[in-house]
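Q: Put together the whole structure using the sequences plus the hints.
Now for the letters of each chain:
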Amino acid sequence: MPPLLQLDQVTIRFGGLTAVSAVDLQMGDRELVGLIGPNGAGKTTVFNLVTGVYQPTSGSIAFGGRPTEKMKPHQLVALGIARTFQNIRLFGSMTVFDNVRTAVQLHRTHGIVNALWRGRAFRNGEQAVTDQVMGLLEIFDLGKFRDAPARSLPYGKQRRLEIVRALATKPKLLLLDEPAAGMNPTEKADLRKLIAFIKEKFQIAVLLVEHDMQVVMGICERIAVLDYGVKIAEGTPEQVRSNPKVIEAYLGEEPPRHA
Amino acid sequence: MHSGAKRWLLAAIAVSITVSLFSAHFNRYYLGVAIDIGINIILAVSLNLINGHAGQFSLGHAGFMAVGGYTAAKLSLILQGQVPPWAQPAVFCVALMLGGLMAAITGLAVGVPTLRLRGDYLAIVTLGFGEIIRVYFQTTETFGAATGLIGIPHWTDFAWAWSLAAVTVFVVASLVNSTYGRGFIAVHDDEVAAGATGINPVRYKVTAFVIGAFFAGIAGGLYAHHKSFLSPTGFDFMKSIDIVVMVILGGMGRTAGVIIAAVLLTILPEALRGFADYRMIIYSLLIIILMIVRPQGLFAFGKTKES
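So the protein sequences, as listed, match chains A and B.
Going left to right, the first sequence walks through residues 11 to 269 as my numbering numbers them.
Going left to right, the second sequence walks through residues 412 to 718 as my numbering numbers them.
Everything labelled a hint here was simulated from the structure, so no lab data went into it.
No experiment lies behind these values; they were computed from the predicted model shown.
Worth double-checking, as some hints may not be accurate.
Calculated from the model, a selection of chain B residues having no Cβ within reach of chain A, i.e. all distances over 10 Å [what the hints assert, rightly or not]:
id : residue
1  : Q499
2  : A520
3  : P612
4  : S642
Sample of chain A residues facing chain B (criterion: CB under 10 Å; computed from the structure) [as the list claims (entries may be wrong)]:
id : residue
5  : L27
6  : K82
7  : F101
8  : D108
9  : W127
Glycine residues also receive a C-beta, built at the ideal position from the N, C-alpha and C atoms.
A: What follows is the structure, encoded as structure tokens:
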């Protein structure tokens with residue numbers, strides 16, 4: 011069986027800048043992998059390559075054995091790749107409920123014609139959508155905010171809503187782009203539990219880009235490290251933590267010792 | 412959800428037809444203004460789907476109106492002498508539909524390449540497109556060139572105008588208040604996020620554009636058979652602006668507000684006829700004042716965007 015996600019020698023250049031250079035990465039079903047690296051290392055660019063926002067200059071990307079490097083973001087969502095964004099991108103003018111409803115529509119069976127005829131198929135379809143959305147909101151404790159405009163939620167809840175919206179597309183792989191950014195320690199602790207919970211409850215793989223070492227080291231099974239667009243290390247949290255190349259990338263070269 | 416939406420639609424059509432039965436008793440001038448209002452509601456509500464709900468700034472609505480108007484009028488002119496009087500409503504219906512379809516096809520042709528553009532670029536392209544359409548009709552002999560088309564049968568009455576206005580409102584409101592239609596608003600709010608939730612932004616934008624163009628075409632057909640005369644100058648840039656003003660004044664994306672704005676902005680210039688030459692100055696001033704006092708739209712109150 012092919013791996014869930016496979017990046018093979020993926021490279022992207024923007025003009026003269028090579029943002030990501032010959033990166034290999036593999037992920038299996040229900041795996042929780044962390045992608046770390048200093049600022050500007052190309053982590054988000056890898057995300058944008060996997061989700062179809064960018065097309066690689068060379069190399070190949072496959073999801074479940076299917077080449078995806080030519081696909082558009084919305085097509086990849088249909089295949090089962092969902093994501094959140096570094097700067098939260100909710101539909102601000104919509105309610106919490108409608109934000110999730112928009113994502114559920116990917117699997118809706120009633121369309122434009124039903125919406126105009128408003129017959130039984132439409133009402134049943136819309137009822138099914140409502141049940142699904144409310145089910146998801148309840149799991150994540152957002153049910154009581156259903157009619158609140160998304161932008162009125164506190165920051166931590168907006169992050170959570172964005173994750174719920176991603177889950178509503180029924181993904182096999184969830185990509186979280188710096189979910190802990192801007193969170194306080196309590197919110198970060200909650201987030202760790204939340205990610206572990208999602209992986210178990212929905213039985214999906216998670217790829218996590220994160221700056222916060224505690225979050226990454228605490229929950230990831232495997233970690234890949236990027237620096238200047240090149241993968242410099244990969245392994246368990248312990249292996250990565252003690253890897254001299256990683257320490258160098260994060261802290262600079264070890265100064266020579268004086269006798 | 413408004414579950415009884417279909418019943419409302421049927422009721423609105425029934426009322427329009429009933430009122431129309433007594434139209435002989437009304438003042439002809441007022442009846443004409445009432446029909447204008449119906450046509451303008453169709454134009455404003457359909458443009459609101461594109462500019463308000465889907466968030467694409469189109470300045471070419473008069474162009475689609477012209478395509479629909481000329482198509483419908485030409486067909487009626489060809490057929491009117493050849494059909495018995497009882498078949499006239501059927502011919503009119505076919506003419507209107509054909510006008511709408513032609514406008515929708517034009518909308519598709521313009522929309523597919525241009526809806527990859529955003530914001531102001533789209534506005535400029537649609538503006539140019541509207542002018543191309545106008546110049547085309549102004550120079551084409553078949554469509555009467557600069558003289559325009561005359562002697563179009565006077566078939567538009569109160570029932571046609573207001574029934575079709577009701578249909579337009581129903582279609583746009585039903586679309587937007589469905590799970591499918593949330594996609595339009597999602598594209599409006601954030602295209603990248605919409606793509607990340609499985610919505611194809613280009614497809615949604617084109618859909619809004621084509622449906623909007625279709626109803627503009629219908630409105631054009633009604634207009635042609637109301638005035639019984641079409642001239643290219645009636646579809647210039649200012650006509651598009653008039654419709655845009657209705658949408659902005661009513662509050663982008665608020666169907667009810669846009670309807671009220673369409674009514675007000677049709678009556679206003681008529682009511683100001685007494686001021687003769689100063690009419691357009693006063694009209695413009697009123698709009699400027701309204702926009703300063705209520706920049707969010709005249710009828711945008713708190714949470715009117717609910718489903």
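Q: If a hint holds in the structure, say so; if it does not, say that too.
A: Status of the hints after comparison with the structure:
Every CB of chain A is more than 10 Å from the CB of Q499/B (nearest about 28 Å), matching its label as outside the interface. Taking the minimum C-beta to C-beta distance to chain A, about 20 Å, the non-interface status of A520/B holds against the 10 Å cut. At roughly 8 Å from the closest C-beta of chain A, the C-beta of P612/B falls inside 10 Å, breaking its exclusion from the interface. The Cβ of S642/B sits about 35 Å from the closest Cβ of chain A, beyond the 10 Å cut-off, so the non-interface label holds.
Restraint check, L27/A versus chain B: the minimum CB separation of about 22 Å is more than 10 Å; hint violated. With a least beta-carbon distance of about 7 Å to chain B, the hint placing K82/A at the interface is held under the 10 Å criterion. The restraint placing F101/A at the interface with chain B holds, with a minimum CB-CB distance near 4 Å, inside the 10 Å limit. Interface hint at D108/A: satisfied, since its Cβ lies 6 Å from the closest Cβ of chain B, which is below the 10 Å cut-off.
A least Cβ separation of about 8 Å between W127/A and chain B falls short of the 10 Å threshold, and the interface hint therefore holds.
When held up to the earlier numbered hints, the structure conflicts with 3, 5 and fits the remainder.
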